[in-house]
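Chain order of the listed sequences is A and B.
Each residue of the first sequence is one higher than the one before, counting from 0 in numbering that gives the first Met the number 0.
Each residue of the second sequence is one higher than the one before, counting from 0 in numbering that gives the first Met the number 0.
Misleading hints may appear alongside valid ones.
[Stated by the list, open to error] Quick list of in silico lysine to any residue cross-link-like pairs, SDA-like style, CA-CA up to 20 Å: (1) A/Lys286 to B/Ile25; (2) A/Lys499 to B/Val191; (3) A/Lys214 to A/Glu252; (4) B/Lys186 to A/Arg112; (5) A/Lys499 to B/Ala271; (6) B/Lys186 to A/Ser297; (7) A/Lys375 to A/Lys347; (8) A/Lys286 to B/Gly309; (9) A/Lys499 to B/Leu302; (10) B/Lys186 to A/Phe88; (11) A/Lys286 to B/Gln276; (12) B/Lys186 to A/Arg312; (13) A/Lys286 to B/Val258; (14) A/Lys499 to B/Ala257; (15) B/Lys186 to A/His321; (16) A/Lys286 to B/Trp310; (17) A/Lys347 to A/Arg312; (18) B/Lys186 to A/Ser358; (19) B/Lys186 to A/Lys214; (20) A/Lys499 to B/Ser187; (21) A/Lys286 to B/Arg250; (22) A/Lys499 to B/Leu185; (23) B/Lys186 to A/Asp248; (24) B/Lys186 to A/Lys375; (25) B/Lys186 to A/Thr267; (26) A/Lys499 to B/His303; (27) B/Lys186 to A/Gln424; (28) A/Lys286 to B/Ala271; (29) A/Lys499 to B/Lys186; (30) A/Lys375 to A/Gln424; (31) A/Lys347 to A/Pro328; (32) A/Lys286 to B/Leu182; (33) A/Lys286 to B/His303; (34) B/Lys186 to A/Lys347; (35) A/Lys499 to B/Trp189; (36) A/Lys286 to B/Leu181; (37) B/Lys186 to A/Arg475; (38) A/Lys286 to B/Ser184.
Please keep in mind that the hints were generated in silico from the structure rather than gathered at the bench.
All figures in this text were calculated on a predicted structure; none of them were measured in a lab.
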Amino acid sequence: MDTRPDETEVSLPSLGTVGLLRWAWRQLTSMRTALFLLLLLAIGAVPGSIWPQRNIDAGRVADYLAVHRSTGPWLDRLGFFDVYSSPWFAAIYLLLFVSLVGCVVPRSKIHWRAMRAQPPAVPGNLARLPEHGQIEVAGTPEEALQIAREVLRRRRLPGGRYRLRSEGLSLSAETGYLRETGNLVFHASLILVIVAIAVGHLFGWRGDRILVAGKSFSNTVSAYDTFDPGPWVDTQGLSPFSVAVDRLDVSFEEHSSGAQRGAPRDFTAYTRTRTSPQAPQIRQTLKVNGPLMFGGTSVFLLGNGYAPVITVRDNAGRVLMHEATPFLPQDANYKSVGAVKVSAASPKQLGFFGFFLPSEYLDATAGPSSFFPDLKNPALALGVYEGELYPQGRPQSVYTLSTEKMTQLKNATGGPLRLLLKPGQTIALPGGRGSVTFDAVQRWAGLSIRYDPGKLFALIGALAALSGLIASLMIRRRRVFVRVEPSGARTVVSVGALAKGEDPGLAEAIEDLLSTIAQRSSTKGSGTKI
Amino acid sequence: MTNETLAQYANLAVYSAMAVFTLAMIAFALDLAGAAPRLSADTPATRKQQVPVGVERPVGASARTSASSSADTEGSTVGAGVPGGDADLPRSRKAAGIAMMLTRLGGLLLVAAAAMRGLSVHRPPLGNMFEFALVGCMFVIVVFVTISARRDLRWLGLFVTGPVLLTLGLAITVFYTDASELLPSLKSVWLVIHVTVATFSVALFTIAFSVTILHLVKTWLEAQEASDPSEMSRVRTIVNTALPPARSLDRTAYGIHAVAFPLWTFTLIAGAIWAEQAWGHYWNWDPKEVWTFVIWVVYAAYLHARATTGWSPRAANYLALAGYGAILVNYMVVNVFFVGQHSYSGM
């Protein structure tokens, strides 16, 4: 990024602290270091795509650690499961960030001066420039120079017109200042993107909520199943909107017979929303790729599943529990796992644990399974436990049963009791423990709610970086010099040019300039002399 | 609903295109093999053209430097106006003409295949690896044919039709997926924007990759020619004659990279916008995102190295090759082996 010449010669003895710091700073902001850091960033990012990452799927990390008992802990210590929040990855991008700032600031100063300066004077020997040529024309040197000036002034290039400077019988022209401007905009915008990401990390939050169709939730921390705030989030000041899901429509591929059979095709949630408790209710549809927006907060539909409605009664027929309980899908055919906890049961609490199967069939080895994700033959397969549901009041997942203080009920032959219920069916529990009824099936919507105040700035930064990049790659920075000398009654015009970076069109531009001058001089000359 | 018949016709068009590209490849190879070293290298006409760069030419001469003129019109400057034997005439390039025609025909077949594939599922054909490969090959050929209309790229033909043929072969056998609808998360206008631009820039990177490899080969051959021309084998001499000068190859490769890189930057931004809409976060270090980023960083380093004094174009070109390696990983390894939200290969 820094275009200064090689800095290694600065490393003389007895630099002192300030000198050493200055030397380190120059090294850090040198173009070679920036290049090295860029490559290091690319290499550093790769492990995160090979090993599972905690921020994406903590379950897969746990599985990996369980399988790789010797290498796993070492990889963990080196941060290979949290690559993008690991200290060494942060070190790379922070150094790159400093290098970026250290490059953009001084270069902007230089460019600011260059933009307001005159083009440099014509060098002594034009033939030493990368592109050059000579031509002899009719007329006086002044006339030839005037023609050259006009030709250059009218030229329009992607980077704008030439800036001209005349000195005696010579002319300097420069164009393409926007190349460097674009380059600086590109680098400065990358800084903006990094800052925007940091803002999103510090002030943003995300919450997830499984919402059964027919229910509603309002945007408070307690309403979420999981809530993950950035360090500087005011959790009391969340936007007070609420969302009710009335219905969730889901469709799956029915017609294809191959691997695509059962692949999801469409999810649509029909919702009623309010921006605040006082605001009017609005009906909106929520789709994948079509989030609901509440100011800066967005509600995404990211998952779905089934929530069987289950009623548990005691021996006298009193309702102990009547609820739609969400089950979590385990495979592509929505074989779902879940738990029903009846804390009102007495003398011992009751717990049901098992599977919901939207299209049930009995697999010879895997037991009750599902052959399609939609409701073709819904059934519940449950085991029953009794005892203490919440030992020592410890928090636990709502989808699993903690069975350490519970015992499984047995059937008549002494094996574990298994219930298979179809919708509308009631089964009496043995030993006068009451009954369980599978009333109906509801769907649930997996909602993810995100707030990221930095995302707009990140987008603006990214688009600005793109336009700066295009300008810096497409615009040519050129300097063209013209010198005229009398040669008898005629004039010799010498032209030389150089460009910064790659400029395959430079030779052609010089040729074009010379031929235009020749053409104009001859027509003008013949007009004045005869 | 998918139209299976139309999808079958699309496959048929792919097979036909493969047959046509095979013929085109053979014709391009024959043309290159015909590039025998010219015995006329010392005729006055060529000597005049070989004025070194920077030497002042006579007053009134063309200002055009010899390097650029001999680069752009390779083959045609020789023997102009000089009477003499067959060696001085421009060599006949009938085979290359046939090859170019076949390449255009193959391109049309690929356009037809992509269109029929899209029509059979009522969506852009950008939903799985087979379709990316098909559309990517189509873009490669379209770009090659379009640039060929303005510049002589016959020397590149073999190195474009070859990779295309290989990719199509892999696509129709290994990557093949039945025509079907998309997952809900892929149903968005951003599919068209993000994936089309991604595929197009990969097509450009592919052509640039071929040119970069040729540049390395040519640099090596030129060095050999300069040190000991008599020791060069016949094959090397032919390749050396058939290819444009290394300087010109390098410039072509850089030019294509300079167009492809902003397009890849756009791919990254469009992908982030889409991810924000579909998944709720614009960047989540999903394996596909990681590799898109790695590709971006490596090519950024390439452009950076080009602007850094002290890095030779040759060293920078190795970075470009590494960038293409990352593209191949992103397409073939990440889609199939890494678990992430971009797992849509259908395999």
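Right, here's what the structure says about each hint:
no., hint, in the structure
1, A/Lys286 to B/Ile25, "violated (52 Å)"
2, A/Lys499 to B/Val191, "violated (37 Å)"
3, A/Lys214 to A/Glu252, "violated (28 Å)"
4, B/Lys186 to A/Arg112, "violated (50 Å)"
5, A/Lys499 to B/Ala271, "violated (33 Å)"
6, B/Lys186 to A/Ser297, "holds (19 Å)"
7, A/Lys375 to A/Lys347, "violated (36 Å)"
8, A/Lys286 to B/Gly309, "violated (54 Å)"
9, A/Lys499 to B/Leu302, "holds (14 Å)"
10, B/Lys186 to A/Phe88, "violated (34 Å)"
11, A/Lys286 to B/Gln276, "holds (10 Å)"
12, B/Lys186 to A/Arg312, "violated (45 Å)"
13, A/Lys286 to B/Val258, "violated (36 Å)"
14, A/Lys499 to B/Ala257, "holds (15 Å)"
15, B/Lys186 to A/His321, "violated (38 Å)"
16, A/Lys286 to B/Trp310, "violated (51 Å)"
17, A/Lys347 to A/Arg312, "holds (14 Å)"
18, B/Lys186 to A/Ser358, "violated (27 Å)"
19, B/Lys186 to A/Lys214, "violated (27 Å)"
20, A/Lys499 to B/Ser187, "violated (42 Å)"
21, A/Lys286 to B/Arg250, "violated (48 Å)"
22, A/Lys499 to B/Leu185, "violated (44 Å)"
23, B/Lys186 to A/Asp248, "holds (16 Å)"
24, B/Lys186 to A/Lys375, "violated (26 Å)"
25, B/Lys186 to A/Thr267, "holds (13 Å)"
26, A/Lys499 to B/His303, "holds (14 Å)"
27, B/Lys186 to A/Gln424, "violated (39 Å)"
28, A/Lys286 to B/Ala271, "holds (19 Å)"
29, A/Lys499 to B/Lys186, "violated (45 Å)"
30, A/Lys375 to A/Gln424, "holds (17 Å)"
31, A/Lys347 to A/Pro328, "violated (30 Å)"
32, A/Lys286 to B/Leu182, "holds (12 Å)"
33, A/Lys286 to B/His303, "violated (42 Å)"
34, B/Lys186 to A/Lys347, "violated (51 Å)"
35, A/Lys499 to B/Trp189, "violated (37 Å)"
36, A/Lys286 to B/Leu181, "holds (15 Å)"
37, B/Lys186 to A/Arg475, "violated (41 Å)"
38, A/Lys286 to B/Ser184, "holds (9 Å)"
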